[in-house]
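Undergrad: As you go down the protein sequences, you meet chains A and B in turn.
Residue numbers for the first sequence follow this note's numbering, beginning at 1 and rising by one.
Residue numbers for the second sequence follow this note's numbering, beginning at 498 and rising by one.
Quick caveat, the hints were computed from the structure, so don't treat them as lab data.
Cβ coordinates follow ideal geometry from the N, Cα and C atoms, glycine included.
Please note that the accuracy of each hint is not assured.
[Said to hold, decoys possible] Using 30 Å as the maximum straight-line C-alpha spacing, the simulated DSSO-like pairs for lysine-lysine come out as follows:
| id | chain 1 | residue 1 | chain 2 | residue 2 |
| --- | --- | --- | --- | --- |
| 1 | A | Lys123 | A | Lys362 |
| 2 | A | Lys150 | B | Lys516 |
| 3 | B | Lys518 | A | Lys69 |
| 4 | B | Lys768 | A | Lys150 |
| 5 | B | Lys768 | B | Lys866 |
[What the hints assert, rightly or not] Covered by chain A, according to a simulated footprint, are these stretches of chain B (three or more residues, beta-carbon under 8 Å):
| id | segment |
| --- | --- |
| 6 | 563–570 |
| 7 | 777–786 |
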Amino acid sequence: MKTVARLPSYLADIQREIEAHGRAYGLDFWEVDFEILDYKRMQEVAAFGGFPVRYPHWRFGMEFEHLSKSHIYGFSKIYEMVINNNPAYAYLLEGNSLVDQKMVIAHVLGHVDFFKNNYFFSKTDRRMIDGMANHATRVRRHMERLGIDKVESFIDSCLCLENLIDPMSPFITRHAPERTEKEKKQDETPEIPRIRAKSYMDKFINPPSYIEEQRKKIERERDKPKKHPEEPERDVLLFLLQNAPLDTWERDILEIVRDEAYYFAPQRQTKVLNEGWAAYWHSKIMTERALKASEIIDYADHNAGVLATAPGQWNPYKVGIELLRHVEERWDKGRFGREWNECQSLDERRTWDLRLGLGRRKIFEVRKLYNDVTFIDEFFTMDFCQQHKFFSFSMNERSGNYEIDSREFQKIKNKILFQLTNFGDPFILVEDANHDNRGELLLRHRHEGIDLDVEHARATLAAMGRVWRRPVNLLTVVEGKIKMLRFDGKEHTDKTL
Amino acid sequence: MALRIDPDHRRFRDIVRGKIKQDLRKYISQGELIGRKGKDVVSIPLPQINVPRFHFGSKNKGGVGQGEGDVGDSLGQGDPNQDGPGKAGDQAGEHALEVELSLDELAQIMGEELQLPRIEPKGKQRIISQKDRYVGIRRAGPESLRHFRRTFHQALRRQIMTGTYNPAAPLIVPVREDRRYRSWKTTPLPQSNAVMIFIMDVSGSMGDEQKEIVRIESFWIDTWLRSQYKGLESRYIIHDAVAKEVDRDTFFKTRESGGTMISSAYKLCAKMVEDDFPPSEWNIYPFHFSDGDNWSVDDTVQCVELLKTHILPKVNLFCYGQVESPYGSGQFIKDLNEHFDGDDNLTVSEIKGKESIMDSIRQFLGKGK
Numbered sequence: 001m002k003t004v005a006r007l008p009s010y011l012a013d014i015q016r017e018i019e020a021h022g023r024a025y026g027l028d029f030w031e032v033d034f035e036i037l038d039y040k041r042m043q044e045v046a047a048f049g050g051f052p053v054r055y056p057h058w059r060f061g062m063e064f065e066h067l068s069k070s071h072i073y074g075f076s077k078i079y080e081m082v083i084n085n086n087p088a089y090a091y092l093l094e095g096n097s098l099v100d101q102k103m104v105i106a107h108v109l110g111h112v113d114f115f116k117n118n119y120f121f122s123k124t125d126r127r128m129i130d131g132m133a134n135h136a137t138r139v140r141r142h143m144e145r146l147g148i149d150k151v152e153s154f155i156d157s158c159l160c161l162e163n164l165i166d167p168m169s170p171f172i173t174r175h176a177p178e179r180t181e182k183e184k185k186q187d188e189t190p191e192i193p194r195i196r197a198k199s200y201m202d203k204f205i206n207p208p209s210y211i212e213e214q215r216k217k218i219e220r221e222r223d224k225p226k227k228h229p230e231e232p233e234r235d236v237l238l239f240l241l242q243n244a245p246l247d248t249w250e251r252d253i254l255e256i257v258r259d260e261a262y263y264f265a266p267q268r269q270t271k272v273l274n275e276g277w278a279a280y281w282h283s284k285i286m287t288e289r290a291l292k293a294s295e296i297i298d299y300a301d302h303n304a305g306v307l308a309t310a311p312g313q314w315n316p317y318k319v320g321i322e323l324l325r326h327v328e329e330r331w332d333k334g335r336f337g338r339e340w341n342e343c344q345s346l347d348e349r350r351t352w353d354l355r356l357g358l359g360r361r362k363i364f365e366v367r368k369l370y371n372d373v374t375f376i377d378e379f380f381t382m383d384f385c386q387q388h389k390f391f392s393f394s395m396n397e398r399s400g401n402y403e404i405d406s407r408e409f410q411k412i413k414n415k416i417l418f419q420l421t422n423f424g425d426p427f428i429l430v431e432d433a434n435h436d437n438r439g440e441l442l443l444r445h446r447h448e449g450i451d452l453d454v455e456h457a458r459a460t461l462a463a464m465g466r467v468w469r470r471p472v473n474l475l476t477v478v479e480g481k482i483k484m485l486r487f488d489g490k491e492h493t494d495k496t497l
Numbered sequence: 498m499a500l501r502i503d504p505d506h507r508r509f510r511d512i513v514r515g516k517i518k519q520d521l522r523k524y525i526s527q528g529e530l531i532g533r534k535g536k537d538v539v540s541i542p543l544p545q546i547n548v549p550r551f552h553f554g555s556k557n558k559g560g561v562g563q564g565e566g567d568v569g570d571s572l573g574q575g576d577p578n579q580d581g582p583g584k585a586g587d588q589a590g591e592h593a594l595e596v597e598l599s600l601d602e603l604a605q606i607m608g609e610e611l612q613l614p615r616i617e618p619k620g621k622q623r624i625i626s627q628k629d630r631y632v633g634i635r636r637a638g639p640e641s642l643r644h645f646r647r648t649f650h651q652a653l654r655r656q657i658m659t660g661t662y663n664p665a666a667p668l669i670v671p672v673r674e675d676r677r678y679r680s681w682k683t684t685p686l687p688q689s690n691a692v693m694i695f696i697m698d699v700s701g702s703m704g705d706e707q708k709e710i711v712r713i714e715s716f717w718i719d720t721w722l723r724s725q726y727k728g729l730e731s732r733y734i735i736h737d738a739v740a741k742e743v744d745r746d747t748f749f750k751t752r753e754s755g756g757t758m759i760s761s762a763y764k765l766c767a768k769m770v771e772d773d774f775p776p777s778e779w780n781i782y783p784f785h786f787s788d789g790d791n792w793s794v795d796d797t798v799q800c801v802e803l804l805k806t807h808i809l810p811k812v813n814l815f816c817y818g819q820v821e822s823p824y825g826s827g828q829f830i831k832d833l834n835e836h837f838d839g840d841d842n843l844t845v846s847e848i849k850g851k852e853s854i855m856d857s858i859r860q861f862l863g864k865g866k
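Sequences are here, hints too, so could you generate the full structure?
TA: Below, the structure is given as structure tokens:
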């Protein structure tokens, strides 16, 4: 499918050199196939989410339009892209300066090392290049058979539901567990409790009418429809795959969308850590080994661009690299453990250095075992927060401006954690597949203080209805009131409960 | 170079076209596009082409940033949420999308929606313009057209052949025989010229609202005709009791008080055609907008006469648009209907308000003349 244009020899030499530096530092990466693209092809590949081929869909075209525009207007330039695949694929922009290419190659090595070793990537498909091409073929085949419009509009519906997965479970389950054992148990008739009595007293102590009544009660209980799902289900897409009345081709499409969502989930889950890790390594390799004296100014200029923050902006590259360096310093100097935590003297803390030199080992451990939430949760300390001038901001309703609302450590940290948890998306769970005993779907939004965007919620419900083919309901809270949003296939209604 | 993404890109453009078509009536009657017009393109805001998801509303939302500042300081303009944690990159399409569309494309969409036929220009064969294209290379020509690359190429070949080329010191000196020049070929191009003559009544009874309608409608007519003709000229006439030719800007801004003599404008129009636009070479489209109040019956008779003898025989189509006004009697359209019933070269249309602009355009241009 893909033809790999070999790097020209001067770049291949650089790649070899930088890889040797990376290995010397202990990085452990797959083979990387670099390809040089002109800016147009670069935009194309970026629009496809880094892949050379994706299934046909207009949103890639929209993305391409955005990227081309923003390139023309000079808002952005894509320097680098890398795919989590074995071997990894990465792209260099044609015409970049040599020092830029060096930096990108070093940066990419950081990412590939991360993909290979971070736990949250451990269950992703490492042949996803083939996976994506395979998805493309499947979708094309459906389109040839059923028409582009029909298939594309179903993809549209599925994409609305794309974020309804369970990102904490990288262990994607494709089939429902067997339930026969439970069902068997349900079929057994349970004992009706009797009071012990002599046989001639039995019909007085356990009167037949009472026994009959008990038996009926138990039967009623048993025949009462079981709630389905028994526990609220996070992986809404899986639930739909197993329970929605889908045609074969629809099931196939939904499966593709779910597969890809799970493939991309770890990247979204580790944005700060992964970018920080890559930035850390490109800095290290460049400044300590690979840069020539004449290249330093250009490198510094470019690097400053990558790590820049505008006021009120969150730059994952910068936060990631700074926090990693913070961790490295703490473990180098022994600033952890009980003694450190209990030390109250500012002076002592400032000069604290046990010369343990454990920093490098620690950050490699971090890259192996952490994701953004656990990374921030464990290492975002008050010291770090103050040292790097974090603040939280919110909308001032009166002025209509965003304003700094706090520099309080705990508040800031909570906010970051909240926004990273579940990708900053609301928790939506399948509550009941037989709502009102009418085969309607009931979803519940676990409200945590912030309302949904109601317009979008309605449109998303409509997409859900397209898949479920029966009315769908969403239980949520809007401006402090419990609301049931409902879409019955034709109209939207809201009910305040 | 063809890209793999081209079909997806085309698909997206089609969806955009569809959206624009859906809302065309709104775009046409609101006139907002006129304000967004660049040189050849308009940018159209398209709401809701994104994929909706369950996500948080923007209320109560905020974020975390880094930098100087005290509690209460504003973060300045712009939406800091654009790059909130976990947000970067996966929220594309949250903002309203602006799509740029060439006026030509827009005209095509309007044509499809209104089912406007393509105009059959008259006198196509007779009007010939010439076009020069650079097609080849010659050994002689003016220095300004010297083809540098080919010249050096030639010099290099010669030096290699004669053995005077030294790869260690690659010095190439072209001599006279090496020089190559671009050459062109002139091809005749059949071309049709067209002129639009916009005429507007600016007497006291034509208010701002009426003029806004004229402005919007003439923008769309202009756009359509431009998509049909290569060379299109436009001229502007305003009149109350007397008529005068003005530039485009004045046309839309002038407001006079005073009476109305439509004949004055028709006279000027006839003279304009006579002097500048021989009908054998030009496709002529006068558009007259008025609220239908004329000074006198006599003047109306004169108008009919002018149309019959001097204007209608020479033009492709004469369009009269009567914009409803609270002050006008709206008599003129009735007079025209009475005198020109069934005349193919004259079309009238009543424009009751902004909503009827589309219908009016259809009436005017639906004949494909």
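Undergrad: Give a verdict on every hint.
TA: Now for the hints, and whether the structure bears them out:
1. Between Lys123(A) and Lys362(A) the alpha-carbon distance is near 23 Å, which keeps this suggested pair within the 30 Å criterion.
2. At most 30 Å may separate the alpha-carbon atoms for a hinted pair to count; Lys150(A) and Lys516(B) meet this at roughly 18 Å.
3. About 23 Å separates the Cα atoms of Lys518(B) and Lys69(A), which keeps this hinted pair within 30 Å; it holds.
4. At roughly 59 Å between alpha-carbon atoms, Lys768(B) and Lys150(A) are farther apart than 30 Å, so this suggested pair is violated.
5. Among the hinted pairs, Lys768(B) with Lys866(B) is consistent with the structure: their alpha-carbon atoms are about 22 Å apart, no more than 30 Å.
6. Coverage of a stretch by a chain is defined here by at least three residues with a beta carbon nearer than 8 Å to that chain's beta carbons; for the segment 563–570 of chain B and chain A the count is 8, and the condition holds.
7. Residues of the segment 777–786 of chain B lying with their CB closer than 8 Å to a CB of chain A number 0, which falls below the three-residue condition for coverage.
Hints 4 and 7, counting from the list given before, are not met by this structure.
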